[in-house]
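Modelling step: build the complete structure from the supplied sequences, incorporating the hints.
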Amino acid sequence: MDYSKTVNLPDTPFSMKAGLTNLEPLYLQKWDKAEIYQRQQENRKDADVFILHDGPPYANGEIHIGHGINKIYKDIILKYKFLRGFKTPYIPGWDCHGLPIELKAMEQLGQDVKEMQPLKIIGKCRDYAMKYVKIQMEGFKRLGVFADWENPYLTLSSQYEGSIVEAFGRLVEKGYIYRGLRPILWCPNCGTALADAEVEYHDHTSPAIFVLFPVKSHQVPGLDKPVSVMIWTTTPWTLPANTGLSFHPEEEYAAYLLHGEYIIMARKLADSVLSIHGHAAEKEVRLTRADLENLSVAHPWIDRESKIVFGEHVTMDTGTGVVHTAPGHGMEDYFAGLAYGLPMLSPVDDEGRFTDDVPEWKGMKVGEANNAIIEFLSAKGRLYHRSDLLHSYPHCWRCKKPVIFRSKPQWFFKVSDKELSKNTISFLDKIKWYPKWGEERFRNMLEGRPDWCLSRQRRWGVPIPAFYCKKCGDAVTNKEIIDKVKPIISAEGIEAWYKRDIADFIPEGLACPKCGHQEFEKEKDILDVWFDSGVSHFAVLDRRDNLHSPADVYLEGNDQYRGWFQSSMWMSMAIHGRPPYKAVITHGMALDEQGKPMHKSHGNTIAPKAVYEKFGADVFRLWFVTEDSTHEMRIGEVMIQKSVDSYRKIRNTFRYLMGNLKHFDQTEPLAYKEMMDIDKYALALLHGLTQRVEKFYDGYEFFRGFREIYNFCAIDMSNRYLDILKDRLYIYPADSVEGRSGRTALSYILKSLMTMLAPILPFTMEEVFQKFYAAEKETFNESVHLGAWIGAAAEWDNPAIVKKFDEIMNIRETALKALENLRTAGMIGNSVDAKITIKPANPEQKKLLEEYKDQLRYFFIVSRAEAADTVTLPTAEENGVAVYAEKAEGEKCDRCWNYSTHVGEDHDHPTLCERCAPIVKVSGFKAE
771 MDYSKTVNLP DTPFSMKAGL TNLEPLYLQK WDKAEIYQRQ QENRKDADVF
821 ILHDGPPYAN GEIHIGHGIN KIYKDIILKY KFLRGFKTPY IPGWDCHGLP
871 IELKAMEQLG QDVKEMQPLK IIGKCRDYAM KYVKIQMEGF KRLGVFADWE
921 NPYLTLSSQY EGSIVEAFGR LVEKGYIYRG LRPILWCPNC GTALADAEVE
971 YHDHTSPAIF VLFPVKSHQV PGLDKPVSVM IWTTTPWTLP ANTGLSFHPE
1021 EEYAAYLLHG EYIIMARKLA DSVLSIHGHA AEKEVRLTRA DLENLSVAHP
1071 WIDRESKIVF GEHVTMDTGT GVVHTAPGHG MEDYFAGLAY GLPMLSPVDD
1121 EGRFTDDVPE WKGMKVGEAN NAIIEFLSAK GRLYHRSDLL HSYPHCWRCK
1171 KPVIFRSKPQ WFFKVSDKEL SKNTISFLDK IKWYPKWGEE RFRNMLEGRP
1221 DWCLSRQRRW GVPIPAFYCK KCGDAVTNKE IIDKVKPIIS AEGIEAWYKR
1271 DIADFIPEGL ACPKCGHQEF EKEKDILDVW FDSGVSHFAV LDRRDNLHSP
1321 ADVYLEGNDQ YRGWFQSSMW MSMAIHGRPP YKAVITHGMA LDEQGKPMHK
1371 SHGNTIAPKA VYEKFGADVF RLWFVTEDST HEMRIGEVMI QKSVDSYRKI
1421 RNTFRYLMGN LKHFDQTEPL AYKEMMDIDK YALALLHGLT QRVEKFYDGY
1471 EFFRGFREIY NFCAIDMSNR YLDILKDRLY IYPADSVEGR SGRTALSYIL
1521 KSLMTMLAPI LPFTMEEVFQ KFYAAEKETF NESVHLGAWI GAAAEWDNPA
1571 IVKKFDEIMN IRETALKALE NLRTAGMIGN SVDAKITIKP ANPEQKKLLE
1621 EYKDQLRYFF IVSRAEAADT VTLPTAEENG VAVYAEKAEG EKCDRCWNYS
1671 THVGEDHDHP TLCERCAPIV KVSGFKAE
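Residues in the sequence shown are numbered consecutively from 771, following our numbering.
Do not rely on the hints blindly, as some may be mistaken.
[Stated by the list, open to error] In silico DMTMM-like cross-links for lysine to aspartate or glutamate, where the CA-CA straight-line distance does not exceed 25 Å: (1) K1352 / E1464; (2) K1443 / E1397; (3) K986 / D1061; (4) K1352 / D818; (5) K1657 / D1497; (6) K1657 / E1636; (7) K1623 / E1464; (8) K1443 / E1565; (9) K1269 / E1289; (10) K1465 / E1397; (11) K1587 / E1464.
[Unchecked claim] Pairwise CB distance ranges, derived in the manner of DEER restraints: (12) Q1288 / S927: 29 to 35 Å; (13) E832 / E1082: 44 to 50 Å; (14) S1066 / D1127: 21 to 27 Å; (15) Q799 / E1402: 17 to 23 Å.
FYI, nobody ran anything at the bench for these hints, they're computed from the structure.
Keep in mind the model is a prediction, meaning the values are calculated, not measured.
All C-beta atoms in this analysis are idealised placements derived from N, C-alpha and C, irrespective of residue type, glycine included.
Here it is, written out as structure tokens:
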């Protein structure tokens, strides 16, 4: 007889074959048509608002892995916060000005920038940026990211550009903006100043030389031969700008007689220096600070003095303990020069070539001049030693070429202001940092930071709203100028600066504060692109409805401690006197499978598009939550395949749950008190899972939360509970207590897991929702992403049940080993072919097994299970528990496949066991 129609076989349209690459684009269309994001905001119109402010990606190229990580992390947070009852407006942004786009535009125009009209460059840049805004937007949408895509913020919009001008004006009013001459990072290749955040450090080989500066006069008794001060430097090209020699104020110095000449250096370093050539000093004469102060030292070849100065910046880890000081080519040198009034020379032009002030190497690039200078020193007898040094050196973030320090008049934001700096640092411990070490890292970057160079010698950016007196050349900017410029830029964009006559921007009666002249010319420099993004809180959060400042969260890669987090912090502290964010979250960078940084030139990059087109966006999102986002994250074929395997495990769990709930009425769950104990155990485990997931999600540790969910699905459910439950669900009528108890637990588990995973797997959980709860209509009138968080009922927290069944599950592990040994011996095929006898480890276990004696065979998935005080020849033994497994007695039931000695006793159903025969009779089944 065929009894298959009498069992409750699983049935669900939720296939194991996900087909995500086809499903996801379809769901994107349906979400868009159903306006799910807009309905989210409307449904929470009276709720507390949670603001995650988007750090704008650069509008250049298609999205890369870093973009994907960042946007997915943000989207998971916002989807979770919505489920927890918050209103979650999310305004995506794009950083659109700056050098990379300008260089691309110039490349396309194919002309020398010097010959090109600014408006032509700006127009091409604007088109280029907008092209990639659209491309990137589509890429982010494809990843399942919800946002107000119709109303992004773009730093190239005229309104935003006007806000940048206004923010600059606020700083002017507060006295934080000045124009001055000081060393700045400069890229000769790109021809512009750079901010600290625009510099990367790479290995670079530099010449390291020991140079002798001749002493013209001294007041040290006993120095009866020529005297020189020895310095060590890795930038020979800066020697033409030398105006001083720095000594440490607390260290000991001496003059060492060597081959008829006294050489002055630090005593700590003398042995290492002299040993270079295997020399030993003939005599040592110790020097006091007064001795050093009274030295008159000449430049090695230029007719000027190199003044003796003292500074804490001088170190004793390498060199001679005397630092060649060129205030025009280094910040430490600059401050030493300020303290002692040293001349600041910088005889290098925008292209990094020596000017007329260095006639020996005029027109030569400084890097190329190093060898020429070394040979020149050698010929003059001023070179002691030369070697090559591999060290970390600053490079331009764009062209990847070495940068230099040079002095040129620039506009600066005075972040070194004592009050501003003190207030900024005082707020750090009031901000929440994820991970916690972010606070210390950020503090170290803020403390002692030099003033921020704002000016860039380019065209694609917001012009600095300032003028120069045609008579004396003095720079002028003030509130009146800003008030005149801002509305024009807000209405017409930065093009107005170049289209309109200067008279349109000049306030009535403006006169040069220095000479009183009233004719001016416009500033040609633009603002640093980090200024653009740094004012986003001012331009977006302060201006748009339904947003607020400070934001609840800023979230970016850990490289943004020195970038957007810092620029935003300085701007907000200067303008508002408070931070722009309440919490800062960072994630690590993406690495390849070998742990190496990804670079196009290395051929080891993986584009998000390559992942979602082959596997689906949900798999990419799943990869993210399987990695510890607080550290660098590896991605490659092996990692993606692991994510595919994890996805299948999760999907299989949902398929089981949905398949076994087809005939269950969700509106009539069995009361908790009437449920079977093992089903209460499942709900207790769900209660614990919910609490742990909420804790990790609230702490933005989604990788930890997902690990808990995965283990729950793979171990607690698939390997244990669902395996045990299968027999009961199949065999007992759906409306029986046994059936309803199990399905009640499954329904709670399904809904909870669906909700927990909705932020992580938005497409798959939408599929679950539509195919199980909404009957998958043509349009999404309902959506999992319009729902609410499913918490755990308090009554599910049942420690007594957990204690019992944890013990049973431990015994079950020993039983499974016994069954596996029996299977290996060829005595059984499936576990239901067996009977087991269990010897408990202690009286408590014996009592527990006795309590559930009628259900033991279901827990262990065997035909018969019983406890005994002793067992002979145990098949498996562990932790005091002994299990004997043997072939079950009786015949196999045609319906449940369990063995029973009672098969054949029922006249109507002679092939069924004593459990199945009554069930079939009640159902009215008639054999065909």
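Hint check:
no.	hint	result
1	K1352 / E1464	holds, 20 Å
2	K1443 / E1397	violated, 40 Å
3	K986 / D1061	holds, 14 Å
4	K1352 / D818	holds, 15 Å
5	K1657 / D1497	holds, 19 Å
6	K1657 / E1636	holds, 14 Å
7	K1623 / E1464	violated, 37 Å
8	K1443 / E1565	holds, 9 Å
9	K1269 / E1289	holds, 19 Å
10	K1465 / E1397	holds, 18 Å
11	K1587 / E1464	violated, 35 Å
12	Q1288 / S927: 29 to 35 Å	holds, 34 Å
13	E832 / E1082: 44 to 50 Å	holds, 48 Å
14	S1066 / D1127: 21 to 27 Å	holds, 23 Å
15	Q799 / E1402: 17 to 23 Å	violated, 36 Å
Hint compliance for this structure: hints 2, 7, 11, 15 are broken, all remaining hints hold.
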